[in-house]
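Line order of the protein sequences matches chains A and B. When the letters of the first sequence are read in order and numbered with our numbering, they come out as residues 1 to 429. When the letters of the second sequence are read in order and numbered with our numbering, they come out as residues 1 to 429.
You may find that some hints are simply not true.
[To be verified] Anything over 10 Å on all C-beta distances counts as not near chain B; from chain A, calculated:
(1) Asp2
(2) Pro66
(3) Pro67
(4) Asp68
(5) Asp134
(6) Glu226
(7) Leu242
(8) Asp246
(9) Tyr273
(10) Arg286
(11) Thr291
(12) Gly295
(13) Ser337
(14) Ala422
[Said to hold, decoys possible] Now the stretches of chain B that chain A is said to cover, found in silico as 3 or more residues with beta-carbon under 8 Å:
(15) 126-137
(16) 288-301
[To be verified] Sample of chain B residues facing chain A (criterion: CB under 10 Å; computed from the structure):
(17) Val53
(18) Val57
(19) Leu59
(20) Asp68
(21) Ala96
(22) Leu221
(23) Thr223
(24) Pro228
(25) Met232
(26) Arg277
(27) Lys318
(28) Ser339
(29) Ile399
(30) Ala411
If you are wondering where the hints come from, they were derived from the structure by calculation, not from laboratory data. Beta carbons: idealized from backbone N, C-alpha and C, even for Gly.
2 protein chains.
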Amino acid sequence: MDIEDLILISVDDHVIEPPDMFDGRLPQRYQDRAPHIVKGPDGGDLWAFEDIVTPNVGLNAVAGCPPDEYGLDPTQYAQMRPGCYDVRERVRDMSAGGVLGGLNFPTFPQFCGQLFMRAKDSDLALACVRAYNDWHIESWAGAYPDRFIALSLPVLWDPQLAADEVRRVAAKGCHAVTFSENPAKLGLPSFHTPHWDPFFQACAEAGVVVCMHIGSSSSMLTTSVEAPPEVMISLTPVNSMLAVTDLVFSGIFTRIPTLQMALSEGGTGWMPYILERADYVYQHHRAWTFTDLGGRLPSQVFHDHIWSCFIDDPVGVKLRDDVGIDKMMWEMDYPHSDSTWPHGPEALWKTLGGVPDDEINKITHRNAMRAFSWDPFATRSADRATVAALRAEATDVDISVKSMGRRKAEASGSLTATLAAAVSQGRER
Amino acid sequence: MDIEDLILISVDDHVIEPPDMFDGRLPQRYQDRAPHIVKGPDGGDLWAFEDIVTPNVGLNAVAGCPPDEYGLDPTQYAQMRPGCYDVRERVRDMSAGGVLGGLNFPTFPQFCGQLFMRAKDSDLALACVRAYNDWHIESWAGAYPDRFIALSLPVLWDPQLAADEVRRVAAKGCHAVTFSENPAKLGLPSFHTPHWDPFFQACAEAGVVVCMHIGSSSSMLTTSVEAPPEVMISLTPVNSMLAVTDLVFSGIFTRIPTLQMALSEGGTGWMPYILERADYVYQHHRAWTFTDLGGRLPSQVFHDHIWSCFIDDPVGVKLRDDVGIDKMMWEMDYPHSDSTWPHGPEALWKTLGGVPDDEINKITHRNAMRAFSWDPFATRSADRATVAALRAEATDVDISVKSMGRRKAEASGSLTATLAAAVSQGRER
Chain A
1 MDIEDLILIS VDDHVIEPPD MFDGRLPQRY QDRAPHIVKG PDGGDLWAFE
51 DIVTPNVGLN AVAGCPPDEY GLDPTQYAQM RPGCYDVRER VRDMSAGGVL
101 GGLNFPTFPQ FCGQLFMRAK DSDLALACVR AYNDWHIESW AGAYPDRFIA
151 LSLPVLWDPQ LAADEVRRVA AKGCHAVTFS ENPAKLGLPS FHTPHWDPFF
201 QACAEAGVVV CMHIGSSSSM LTTSVEAPPE VMISLTPVNS MLAVTDLVFS
251 GIFTRIPTLQ MALSEGGTGW MPYILERADY VYQHHRAWTF TDLGGRLPSQ
301 VFHDHIWSCF IDDPVGVKLR DDVGIDKMMW EMDYPHSDST WPHGPEALWK
351 TLGGVPDDEI NKITHRNAMR AFSWDPFATR SADRATVAAL RAEATDVDIS
401 VKSMGRRKAE ASGSLTATLA AAVSQGRER
Chain B
1 MDIEDLILIS VDDHVIEPPD MFDGRLPQRY QDRAPHIVKG PDGGDLWAFE
51 DIVTPNVGLN AVAGCPPDEY GLDPTQYAQM RPGCYDVRER VRDMSAGGVL
101 GGLNFPTFPQ FCGQLFMRAK DSDLALACVR AYNDWHIESW AGAYPDRFIA
151 LSLPVLWDPQ LAADEVRRVA AKGCHAVTFS ENPAKLGLPS FHTPHWDPFF
201 QACAEAGVVV CMHIGSSSSM LTTSVEAPPE VMISLTPVNS MLAVTDLVFS
251 GIFTRIPTLQ MALSEGGTGW MPYILERADY VYQHHRAWTF TDLGGRLPSQ
301 VFHDHIWSCF IDDPVGVKLR DDVGIDKMMW EMDYPHSDST WPHGPEALWK
351 TLGGVPDDEI NKITHRNAMR AFSWDPFATR SADRATVAAL RAEATDVDIS
401 VKSMGRRKAE ASGSLTATLA AAVSQGRER
């Protein structure tokens, strides 16, 4: 197998929602209260919903943008690559990047729909979640069924409504739902209560994977406000470490034995250590804590229930037997700043030396197809799905990096504080 | 090489300070204000200093104790193995455990002397820090110079006094000082200021390694108060991940190019991933953040300056080339609950399959001797320092686990909150 032969499914990309996404999708009584775009004082395109105004932060839409134009300013659609928000252009960018399939997380509702949880009118919010999911399933993913794994938003504020909604979208073929890596940080019950059981039970029954993206607790770790932004950005996988540890020591998987979860953008190279540590602690401490995992070690709970995801992670690939080769999945993270686009295949290939072909295929696409019950080969033959074939379809796509007309970055001591504020905007209810 | 031939130096054990440690060690005017033992309402032996009363938490002195007597109650000396607080018995326990040398962190002053930082009378506190260090260097480590690497407390509230003290103890042969993994969490300036430069400069010049133990920020991570204690205990190495990330992105090592630090009880198996992540983030983001590490990648800064430490870490040993074989050191953690005593050699040996002898010797003792400028072989020949030789000297030591007469553990929903409160007691100034 050569790099040209890879078949790549990215289980973590992001859609910047287009301004017209709610048009005609809400009940008539709510249509004029739909989230909509307003202009900010410095020209940024902002989403307005009830009394909440939320920007498209520049750093979240930098595909094709020169790094010295990265930053935290609110951004206009006109300053983004159209592939961020236009599905036709997105697919062309995916092809130019050699990537067959993508699973796209939301942007303006935050990673798991925190925005709608904060609404004053929960009926309106429920209508918006449904409209968002219909748009995502029909107009975004549905426009190219051979290119997208559909992902739905949950109804965060009501586990029974969340169960209803996940069943509704599963009936439309959507087998992924985004959720919080730590609902306790959102002011909701933690994983150590049975509060979420109706929702997780519905996910398990409908074959829906619960995808927990880093940052979906509206929290990021850093060390001090004086630390440079690299400290906070480097530590994002720690959110997934906390989530894994939290989940394997909860009773969720004992109560719901077929539930499957994915740690989106969590990275993988740390997992063998964290699992080794959890097993060690469980064995050393359970006699006085009375924690009981029902006969399994924490690492076994992990391997039975949790899928791992990485962008560029040579250590994780090296440790793939300990991470779990049957649940590792690749990510491109388009159009975020950690993305490898348009050189995803090249970045991944560098880490695949010595990996057998069948294991490469698991990491690049077979595991994702199995996790999300998604078969792109139903409508597109495998030989038309390779890096080489897709890039041949998109030779006219300009992938060069060029100015987007954004403000040039300037040295500032307050970047970390600004970044933390942007992340935490989904916290208060 | 066989398990019997290992020569083991543990760079992380703990002393439970004996009640008489300050006798005759303070200036006359302060002697009656020295920290001293008082009886708690339920019989626990507590340390009293100014208006602060701090317990010996049971979990911190469990060597030889059955796991169902582990817990968070204040403990009496009579309920501990004498090796916790009696240096003669400690050395016998070390021998019975096959261990040549130990570096012992403080207990009642907290991991880096937070207690004395909280004092109202800073002259008294300075006298206490000096008295503590003299006691540790002369009466504890000094009682068996071939068995202990001496460790001093810093003067946390004044970097110039801290520099003076580290020079004073270095002149007595003490080449390790304990410090906070994140001083910002203690209300002190962060690593991203030049505040600590006089102290770190003195450490570098005097060949003193700055040892940052997990928990020395008086902070532990958990996910929610409802999570079982295993979540918090499993996540302790995350403190070291935060510290590493913080340090490599600070300018400290550019300003003080010979400074050496150690991540005590941090574990090692996560390091290759965290370093890979830091390098990735630095390369992706520095154009807009203007962070400048002076020509080195974060991973290079790490390998040049930071020593790693582990208790039982098969993944770390497997990844030793990426962790850095020349700076990996072993730990026993006597008498804490994560300790492998008295079976440290057996636990370590299980992870050493396929490791060449010279690399085993680096991990077990050569690196520690080099880091701390400590040569036990000056007074004890290497053939008298092996697991077999030491155990042969201590055949009369009873290492069986037996009741210490403590209260049996009971299931409780508040263990995590109690644990968090115990950890955070050193925070408020």
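Against the structure, the hints:
1. Look at aspartate 2(A): its CB is around 25 Å from the nearest CB on chain B, clear of 10 Å, so calling it non-interface holds up.
2. Interface exclusion of proline 66(A) from chain B breaks down, the closest Cβ pair being 8 Å apart, not more than 10 Å.
3. Proline 67(A), annotated as away from the interface, has a beta carbon of chain B within 10 Å; the closest lies near 3 Å.
4. Not every CB of chain B is more than 10 Å from the CB of aspartate 68(A) (nearest about 5 Å), against its label as outside the interface.
5. Distance check for aspartate 134(A) against chain B: the nearest CB is about 33 Å away, which clears 10 Å, and the non-interface claim stands.
6. Listed as outside the interface, glutamate 226(A) is inconsistent with that label: its C-beta sits roughly 4 Å from the nearest C-beta of chain B, within the 10 Å cut-off.
7. Not every CB of chain B is more than 10 Å from the CB of leucine 242(A) (nearest about 5 Å), against its label as outside the interface.
8. Not every Cβ of chain B is farther than 10 Å from the Cβ of aspartate 246(A); the closest lies at roughly 4 Å, contradicting the non-interface assignment.
9. Non-interface call for tyrosine 273(A) relative to chain B: violated, since the shortest CB-CB distance, roughly 3 Å, does not exceed 10 Å.
10. A beta-carbon of chain B is positioned within 10 Å of the beta-carbon of arginine 286(A); the least distance is around 8 Å.
11. At roughly 5 Å from the closest C-beta of chain B, the C-beta of threonine 291(A) falls inside 10 Å, breaking its exclusion from the interface.
12. The claim that glycine 295(A) lies off the interface holds: its Cβ sits roughly 16 Å from the closest Cβ of chain B, which is beyond the 10 Å cut-off.
13. For serine 337(A), the requirement that its beta carbon stay farther than 10 Å from each beta carbon of chain B is not met, with the minimum near 6 Å.
14. Chain B leaves alanine 422(A) outside its interface by the beta-carbon criterion, the shortest separation being 14 Å against a cut-off of 10 Å.
15. Interface restraint, the region 126-137 of chain B with chain A: violated (0 residues with C-beta to C-beta distance below 8 Å; minimum three).
16. Counting residues of the region 288-301 of chain B whose C-beta lies closer than 8 Å to any C-beta of chain A gives 5; at least three are required, and the coverage claim holds.
17. A hinted interface residue such as valine 53(B) counts as satisfied when its beta carbon comes closer than 10 Å to some beta carbon of chain A; here the least separation is about 24 Å, so the hint is violated.
18. Interface restraint check for valine 57(B): the shortest CB-CB distance to chain A comes to about 13 Å, outside 10 Å, so the restraint is violated.
19. A least Cβ separation of about 8 Å between leucine 59(B) and chain A falls short of the 10 Å threshold, and the interface hint therefore holds.
20. Hint status for aspartate 68(B) relative to chain A: holds, with the closest Cβ pair at about 5 Å, below 10 Å.
21. Because the closest C-beta pair between alanine 96(B) and chain A is about 20 Å apart, greater than 10 Å, the hint is violated.
22. The beta carbon of leucine 221(B) is positioned within 10 Å of a beta carbon in chain A (closest approach about 7 Å), and the interface hint is therefore held.
23. Interface restraint check: threonine 223(B) against chain A, minimum CB-CB distance 4 Å, threshold 10 Å, status holds.
24. Hint status for proline 228(B): holds, given a least beta-carbon distance of 5 Å to chain A, under 10 Å.
25. A least Cβ separation of about 9 Å between methionine 232(B) and chain A falls short of the 10 Å threshold, and the interface hint therefore holds.
26. For arginine 277(B), the shortest C-beta to C-beta distance to chain A is roughly 5 Å, which falls under 10 Å, so the interface hint holds.
27. Hint status for lysine 318(B): holds, given a least beta-carbon distance of 8 Å to chain A, under 10 Å.
28. Here the hint on serine 339(B) is kept, as its CB sits about 9 Å from the closest CB of chain A, short of 10 Å.
29. For isoleucine 399(B), the interface hint is violated, since its Cβ never comes within 10 Å of a Cβ in chain A; the closest pair sits about 17 Å apart.
30. The interface hint given for alanine 411(B) is met, as the beta carbon of that residue sits about 4 Å from the closest beta carbon of chain A, less than 10 Å.
Figure legend: structure checked against the earlier numbered hints; hints not met, in rising order: 2, 3, 4, 6, 7, 8, 9, 10, 11, 13, 15, 17, 18, 21 and 29.
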